[in-house]
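Chains as they are written, first to last, in our numbering: chain A, 0 to 273; chain B, -19 to 393.
Among the hints, a few may not be true.
Each computed DSSO-like pair below joins lysine-lysine, with the alpha-carbon atoms no more than 27 Å apart [unchecked claim]:
{"id": "1", "chain 1": "A", "residue 1": "Lys187", "chain 2": "B", "residue 2": "Lys103"}
{"id": "2", "chain 1": "B", "residue 1": "Lys129", "chain 2": "B", "residue 2": "Lys61"}
{"id": "3", "chain 1": "B", "residue 1": "Lys85", "chain 2": "B", "residue 2": "Lys22"}
{"id": "4", "chain 1": "B", "residue 1": "Lys85", "chain 2": "A", "residue 2": "Lys42"}
{"id": "5", "chain 1": "A", "residue 1": "Lys42", "chain 2": "B", "residue 2": "Lys129"}
{"id": "6", "chain 1": "B", "residue 1": "Lys168", "chain 2": "A", "residue 2": "Lys38"}
{"id": "7", "chain 1": "A", "residue 1": "Lys42", "chain 2": "A", "residue 2": "Lys263"}
{"id": "8", "chain 1": "B", "residue 1": "Lys103", "chain 2": "A", "residue 2": "Lys7"}
{"id": "9", "chain 1": "A", "residue 1": "Lys7", "chain 2": "A", "residue 2": "Lys263"}
{"id": "10", "chain 1": "A", "residue 1": "Lys71", "chain 2": "A", "residue 2": "Lys187"}
{"id": "11", "chain 1": "B", "residue 1": "Lys61", "chain 2": "A", "residue 2": "Lys263"}
{"id": "12", "chain 1": "B", "residue 1": "Lys61", "chain 2": "A", "residue 2": "Lys38"}
Listed next, the stretches of chain A that the computed footprint assigns to chain B, with coverage defined by at least 3 CB atoms under 8 Å from CB atoms of chain B [said to hold, decoys possible]:
{"id": "13", "region": "20 to 32"}
{"id": "14", "region": "39 to 47"}
{"id": "15", "region": "87 to 101"}
{"id": "16", "region": "109 to 120"}
{"id": "17", "region": "267 to 273"}
Source of the hints: derived by calculation from the structure; they are not laboratory data.
Beta carbons: idealized from backbone N, C-alpha and C, even for Gly.
Listed here are the chains, written in short residue letters.
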Amino acid sequence: MHETEITKIVPATAWPSLELGELWRNRELLYFLTWRDVKIRYKQTVIGIAWAVLQPVLTTAVFTLIFSRFAKFDTADVPYPLFALSGLMVWLFVHTSVTMASGSFIGNTNLVTKIYFPRIILPLAATFAALFDLFFSLLILVLMMLYYGRGITRAAALAPVFLVISLVLAAAFGILFSALNVRFRDVKFALPFLLQVWMIASPIFYPLSIVSGSARLLLAINPLTGILEGFRSALFGTEFDLPVIAISLISTGVIALLSLFVFKWMEDDFADIV
Amino acid sequence: MRAVHAENISKLYYLGERAPNSLRDAIGKIASFARKPDDAHKLWALRDLTFDVADGETVGIIGHNGAGKSTLLKILSRITKPTSGRAEIRGRVGSLLEVGTGFHKELTGRENIFLNGAILGMKRTEILARFDEIVAFSEIEKFLDTPVKHYSSGMYMRLAFSVAAHLEPEVLIVDEVLAVGDVGFQKKCLSKMREVGASGRTVLFVSHDMSAITRLCERAIWLEHGRMRVDGEATDVVSAYLHEQSQTGSERSWTDPSSAPGNEVTRLRHVRVINEAGVTQSSADIRKPVGVEMTYDVITDGKILVPNLHFYNEQGICIFISHDWDGGWRDRPRSSGTYKSTVWIPGNFLAEGTIFVTAAVSTYKPLTVHFVARDAVTFRIIDSLDGDSARGDYAGLLPGIVRPKLHWETENR
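Isolated chain B, as found in the complex (with noise of 0.2 Å):
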């Protein structure tokens, strides 16, 4: 049974002056005889869209800023009309484009809750029936009559998400809501999702967060310039994505202070991938070592810095994170002046594929983050299936997040 069927759906938008926006645009625009909007002015931001979603799917939508990823969730939420094509949804529609529509700041934590459970589609007996469960999952009972101009950011969220974790629809349409909170909320979340799509519900869900695709969705949809680029098991169109996604080389410099990563503590200069010889590389051999150096400007005296690297595979997930522990700089305050400190990640360690290198250097008592430099750099291991690496004869696919080549012992007894 499929729960959602999409056939050619395209939205069109006017950008510019076309459109009126005030009654002496609109009365020019009748007195030019309704001239039609030139192309220029056209913005296709979903173009012939055909695709269908099995009951109990989970299905993750990816693509760039302006792929058309919100319009989508939009028609499909009934928010606006698409401009040609249809779409069809069996099952009650439960949209959550944003946490927390429709709060109105001067109402109570439980004036909010029946408001903002109305306007997802609740009935009021649905609301009351789930009152309880709601309040326990958000923590706030002590301050449920309270207005919540005065909760925090983080009590607000949560009771916003409450809200909307207990809707049960059929048909799940979600767009980035993990993006916000603390961590142990989005946590919360994500289990809170995954229990959903897990309960045979089919849910579509747009992010940018592609551990958070890999890990809630069994298919994604890629889409490029409102059209369909990629629709497959996930952590295939996923790694696909990300492999096209990184522009960003083995070797990146940030010449201008202004703009580099920093604070007034220390500032990024410079990060690369080396091979043992110290030459710039952007793929490596599994079973070579690969080193990863990090330049950075320190410019307040007296301060411990630990700088560390984090490894992320194309998935998302992070491979590892290393600190520099053992150096000689570990409980030593540093002068001001330029530093280098390079990583040695031995051969026959990580798995094939693309690595995103995160660069930060932090400071732990307290605990203080100057920068983080997201995938600062990227390099991609690679197997020539010599025989000699972890894989041994073998050259099918191979999962596994790191790729060790470990001792075996065999005896015939």
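Isolated chain A, as found in the complex (with noise of 0.2 Å):
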């Protein structure tokens, strides 16, 4: 005999739990769609995953060309298409799961409006699913490395660490844009803009060496700032810059702990007015 589950049905509350049990209890189901997003990712397209290998290496190509000749930023002795790459795919990363999780609601309306299940686990399967094609350019990264002869140091171990701030900060702009997208229709048109002008201050094609020291801690409160110095960091052994990460690493809880709040806040309406 197994336990009788019980299942309480109350209002909605002001202040509402977190339900990690639950998300627990269906991380099976996360694993699903998941694998579902991923599978229907490339479905109908000529080229099908070749997509996952061609975005990071064009637009690596494109920068390289645009930033290394005619605006030679100093990259040290990292070479530009090495050093655009390890940033672009970490924003490529972050763009692609943040843009997919935001219409995650909207494009599974039957699901949300017919059964029940942990909401947060539509947008957080969109930005992992987003990890797939991260995995890519992380091979593409690897051999490119290895082509201009870099060796893998001992720092490069901490290279995942960043990664995975870098997905905690994803899922939590996902949730917070899903949620949002649920009531105003807006962030269809906003969001676009805003990754543009999130990309651009970052520093993904330019080296952050290009301000000066008090300049960058200002710069970091932008968290992506952190995980890319870091990322970089590890991968090309160079200095960590420790302020900076710290910043954006206290940057990325805050807006996770925000998102979440937000979240939690606004899904109980979601089933009737999506």
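Combine both chains into one complex, guided by the hints.
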């Protein structure tokens, strides 16, 4: 005999609980929805998952052409294509997952209105599905590092840590915009613009070294700044800019908590208004 | 042991412009001091609903569109939260508010079984254990690895229902999912549902199909404007509901050809219930013959047409269907014009109660249904208890779909 499950149904409360237990019980659903998002992402495309490789490669090529030849950013001893790809792969991951997650409710209306599951699973699945692309970018990065003869140093072991932080950041913005999008369809128009501004404001195609010390700390409020700096330092064995990383970490944490709060606060009437 | 306990469940929806749907509305709302929406824009989908469902009970939920049936199921399925009140459900809940929720057309049948199973709340191991059963029930073995976008709608529904049917919850919540698929498959679904009910599981079932409700449920709840109207034995509740529903009288005309039932071959004009004198009547003595007369226009020359009338009782059970086989028009192509066909039901044949008549005209070679006017007219059969009906001297409850007065012989040997 198994224990009888008891479902309690109560009105929405002002301070919703996180229901992490519910999330854990539904982990298989998270897995299946992630798997679905990965499977259908490149369906009906001619070259299929080759897109996962082409996107970072082509963007890196374009950036290299523009910024290393004309703008001539000083990336110390790191070859510019390598520098650009390391930043781009993180950016493309954040960009893809936030974009996909933001549409996860309005694109799955029947799931939301016809079945119960912890709502947060939908945007999370979209975020996790974007990890698939990140994996391919990582593969290309490793190949390029070998090509440029850069050994994999001991510090490189820390690189995944920064990818995990970028995952937290992407998931946070994903759930935030997915929730806002249910109520405010303005998100559809505002988000691409916000992402564009965010990309330019982040040290993706330029090194943080182009600004002075105190300005760096200000830029570090943008969580991507610290993530990119840390990721590159780990990869290329340069010195970690600890204050910048610390500020970005705090910033990531604050964003994650705020997003979670907004999401939990809004999710109760998703089924009624989506 | 009670499986479901609901206490004062209410659900309020805001209609119209009040609920902020875009940023500008929200800003406007904050600016206006978060004014409370006025009453005109409030809609109570459910109001103070209290009921218990015992373990193993099968309960049907009926009512008009907008009575709150779906809202109730959504609250019990946890899709949306009640505005006030609370409920408790004991046992694993499986809810089927739609067949094939989460199916993705780009994925294969096999992939969709796993995805849909997970969405319905099945564990991967459970899906694996029942995989063969699910496939066998759906009859789509050959197309298991074909994307479902290439399926016919019938195959799609079969696969979707099969996954749902193998969910095996302790409390099953079902919304009208049986309204889909072909007749054969509907039968299969109904028997599967009966199986679920018979195996001691608790079922809450919303349907507009009254005969499905009376066949599957012991008890029914009738909702009206979000409140409980009647809660009782299914047959009683359904019959009371149908009785009130039948705003259609004993005579009906279609004056506007564009909205009349029909096609380019024939079109319905008029249906009425008559007595032997040819006068329209809304109730008939159980001992007297009842005539149902249909008038229709034949627009296209040269078709063989068979008018037919279907008689249903209050439980939605078809009492019988009668075709015009014997008239002089059985094999005779009709020229255009207006026709009147009447069928006579003998006295001492129908049981007491409300009879719902569906009028149709078909062609059988090849089978074409030109029109079907559901519940075109209704009439009541009344037994005045004079002692010479089939009741004899018994005045109590007398079940039975028909009530023929038959010849009895008793000998004293």
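A quick look at each hint next to the structure:
Distance check on the hinted pair: Lys187/A and Lys103/B sit about 35 Å apart at the alpha-carbon level, beyond 27 Å; violated. Only pairs whose Cα atoms come within 27 Å are accepted, and Lys129/B paired with Lys61/B is rejected, the gap being roughly 34 Å. Distance restraint check for Lys85/B and Lys22/B: the Cα-Cα separation of roughly 38 Å exceeds the 27 Å cut-off, and the hinted pair is therefore not satisfied. Proximity of Lys85/B to Lys42/A is assessed by CA-CA distance (about 11 Å); at most 27 Å being required, the pair is judged to hold.
Simply put, Lys42/A and Lys129/B have alpha-carbon atoms about 13 Å apart, close enough for the 27 Å limit, and the pair holds. Our distance criterion of 27 Å between C-alpha atoms is broken by Lys168/B and Lys38/A, whose separation comes to about 33 Å. In summary, the hint linking Lys42/A to Lys263/A is not supported, as the alpha carbons are separated by about 33 Å, beyond the 27 Å threshold. Pair hint Lys103/B plus Lys7/A holds up; C-alpha atoms about 22 Å apart against a cutoff of 27 Å.
Using a Cα cut-off of 27 Å, the hinted pair Lys7/A and Lys263/A holds, with the two alpha carbons roughly 18 Å apart. For the proposed pair Lys71/A and Lys187/A, the alpha carbon gap of about 35 Å is over 27 Å, so the pair is violated. Proposed proximity of Lys61/B and Lys263/A is supported: the alpha carbons are some 13 Å apart, at most 27 Å. Pair hint Lys61/B plus Lys38/A does not hold up; C-alpha atoms about 33 Å apart against a cutoff of 27 Å.
Coverage of the region 20 to 32 of chain A by chain B holds in this model, with 5 residues showing a Cβ closer than 8 Å to a Cβ of that chain against a need of three. By the rule of at least three residues with a Cβ nearer than 8 Å to a Cβ of chain B, the coverage given for the region 39 to 47 of chain A holds, with 3 such residues. Coverage of the region 87 to 101 of chain A by chain B is violated [criterion: at least 3 residues with CB-CB distance below 8 Å; count 0]. With 8 residues having a beta carbon nearer than 8 Å to a beta carbon of chain B, the region 109 to 120 of chain A meets the requirement of three or more and the stated coverage holds.
Only when three residues or more bring their CB closer than 8 Å to a CB of chain B does the claim for the region 267 to 273 of chain A stand; here the count is 5, and the claim holds.
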